[in-house]
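Sequences listed follow chains A and B, in order.
Numbered continuously in numbering that gives the first Met the number 0, the first sequence closes out at residue 519.
Numbered continuously in numbering that gives the first Met the number 0, the second sequence closes out at residue 426.
FYI, nobody ran anything at the bench for these hints, they're computed from the structure.
With a Cα cut of at most 30 angstroms, we get these calculated DSSO-like pairs of lysine-lysine:
no., chain 1, residue 1, chain 2, residue 2
1, A, Lys202, A, Lys224
2, A, Lys213, B, Lys410
3, B, Lys403, B, Lys111
4, A, Lys133, A, Lys99
5, A, Lys230, A, Lys213
6, B, Lys111, A, Lys213
7, A, Lys133, A, Lys190
8, B, Lys186, A, Lys386
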Amino acid sequence: MSAAIDRLITTKASGSRAPAADDAEFFRRIHLDLAGNIPTATQTRAFLGDKSADKRSRIIDQLLASKNFAEHWTDRLSVMLLERQQLSQVPHDEWRTYLKKSLQDQPRWNVLVGEMIAATGKGESRAAMRFLGKGNHHRLTEDIARLFLGRDLECARCHDHPSVDDWTQAHYWGLYAYLNQTRLATHSGEKQSYFVENLATKKVEFQSVFFDEKEDTGPCLPGGKEVPIPKFEENQGFKKPAADGLPAVPKFRPRELLARDLTSGQNHLFARNCVNRIWAFMMGRGFWMPLDQAHSENPPSHPELLDLLERQFVAHQFDIKWLLRQIALSASYQRSSRLPPGEKEVEPENYRVAHLKGLTPEQLLHSILRATGNEEVRAQESTGEEKFDRRGYFTGTNTGLPTAYADIRTIFVETFGQPAGVPEDDFAPGLNKALFLMNDRLVLHWLQPRKHNLVSRLAGIESSDAIAGELYCSVLSRPPEEEEQQELSAYLEAHRDRRTAALADLAWSLLTSTEFRLNH
Amino acid sequence: MPRPGSTSCQSPCHALSRRRVLGLLGGSSGFGSLLQPAIAREIAKKERQVCLIWLDGGISQFESWHPLPGSQFAGPFRNIPTSIPGIHFSELLPHTARIAHKISVIRSMCTKDPNHSTGVPRIQRGDPIDRGVDYPYLGSAVAKLLGPANSELPPYVWIKPGNGGFIAREAGFLGAEYGALALGDGKAPIHIHRPESISAQQDEARQILRERANQRFRSYRRASEIDAYETSYRVARQLMARKDIFDDNRIDPGDRERYGTHPLGRHILRARDLLESGVRFVKVNSYHWDTHGDNFNMSQRLIPQIDQPFAALIDDLDERGMLDHVLVVLMSEFGRTPVINSRLGRDHWPDCWSLALAGCGIKRGAIVGNSDRDGVFVDGTGYDIGDLFHTIFSVLGIDPRRKKYRHKGQKLAIAHDECGPIREIMT
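Starting from the given sequences, assemble the full structure and let the hints guide the process.
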């Protein structure tokens, strides 16, 4: 498969291509993409020293099987699906555990999405129901269209899409008709809410703001066949009577049908959309961009490859790990981000050069902790006493430092992430982010020599070349160049009266460098 | 839900990241026009700017701009003459009465929403025709439409009681970068300050290291992401270099006296300094104007807190020659009921209320609109919030009939399609 990827990518890419990424570049990239973190200096050195020919494919398999993979892809999928919104009463931890369990094993996209859409909240489907939030029909219609079909149908709620001919208002309302019977109901004994469905008796009516005629539709996937709404004799439409505050269970439950039909291998949009999103996570851009603009006027850059990946993905039962592995093994993924000699700019859609990807807030935090030798922070639990005053931390009234990992993580998400409800699929530098890395007391605290952290380790090394080796391997996951060694040596010499502080300066300058901030 | 991160489907074949990155450099984003700071500074001298003073909860028009002594619902306060012959304000506005000839007052606002929760966003978004998107608040709209006036400073600064930070929610579909730098109680976010543990010298030294590392990385790679990242540091450092404009110690004691030492006075004084430094749009928020109970004592306490600094601001801008290009808007989400309730309060009243504007193409001394005898309804046709937005955009040099937002392939009007500018207050 990866050979086919490379053939179809190179066929299209005219002009020179970047050479293969060297081992260090590849190793850092694959760690960030699959495990959400930079490698440790020790891991990097071992990999660079390893002379075996199959070391790249071995590390890919190792990482895919690792706990960190499940951890990181839980973040990725959760942020993609919920966009950091707190819409549901299902605790976030429960939802994470659910995703993580699937990712540790064999994550199948159709199964996951099917479970989320069909969730009632009973038994095992409790965690999956977090996706449904409070069951807002319009939110669900729009999110399902956007996240699972690649179609941002928001405009089509009120009229056919103004500039995309193949997106109609009927598409919006066809999806809506799968969902509009769904609501939350509370079990009187358990005092817990479940998703239930009312009995659909008629189609959904809608009207364009531009025309007077009303139209109607039953449940219908874009480009699919409308599901007829069955007629039942009076009181014959239910398979279970109402009980314990929960309404009767109807025989016809369109949301369950949506879970089944949406995720079916016959639904090309669904499989293609997933392929496109996973491809974009790995390659830095999708076959179509933006990710929610799948339509005929925005054709994919590599239609043949997309078709092939879609077919194979379905044949491999929507196995996300399989797809990630095929991409990771390809030379296209493993290309350097360095421009070929003589080139200044390259057109992005041809993948002649590896794309630069911004680190997610979580990747950034975890990488900073690892680079600075403060990984124990990740195990720090909240003491449960007073809640850390985060607002005060940002305004200066709270002069303490957060210790609990959960608080620190939230601070990074608030600073480097998008506001809740906005997709995080882009590298967006900003004033506040720069100010944070420049002046945040916690970041600077991590650069104070303590125990076995980076600056403390560097302070114990005599020769400046050995310092450079340790510093560059720890922070940038590569050995230093000669120029960099000289610069470091000169800096230490110029600041010899404040050597430890100078080491922290050097570490800081690499932490705040573009090379660190990007997955390159 | 709003998804400001997604982009127009007009040019779908362009990479999102690339476009946004170029936007950051090209000036369409909040901190743009950085590439030519000297030119930007030159232009900034005459750039149009805005100060929106927002009295959250609703100031009573009867106790301020539109007193109707002797009418059925009048309160206990007298009216006083203003600097415009024949025009009177409430006696709670003595300072503003003195400068009435420099401002315009509209006494015939007639809007739709009597609820705070929906009224505040509705009014600050200009209540455009519902197109299923989250419109930006005025500050984010101006940040988008005009960009920064001074390349060193963010285009939208929001001075508010309580907490500050970077607040993106007002930007609506424009996207987080058009949000506000919020100054909690007028103070800059803590991260603008270099911690004491880092000396200026050390900071300079470490920044040079960082820049060199970036140059090395850049020499073999596509430049746009790298430049955008470097730019964010440059902007951050420029803002840090200008943090004096947030420094309370620099405030002239005489100014403090003239503006008042209460939060609203301090915050409007800070707004003046920010406008002078070249911030495009400054919003000042004051809360607790919702006088459902004890309206008269509350008004007696609150209204002087806006009277004094508002008049001082107008005077200062005028004296400095800034009133020709700085627009000042003083308003709430609605006015208050003529009927005085059983708790001696006035409730929400969108049907006939008042607001004040000054500067930047707004007439001096135009007091327009009227109500019926008892101040219940507008006499004649009232002005809706959409009319005010047309007016604001027009005097800022943005034609609301021609200028459109682009969002996901839709062209969206920047103000209500069926409204128009309030000509009688425009020069």
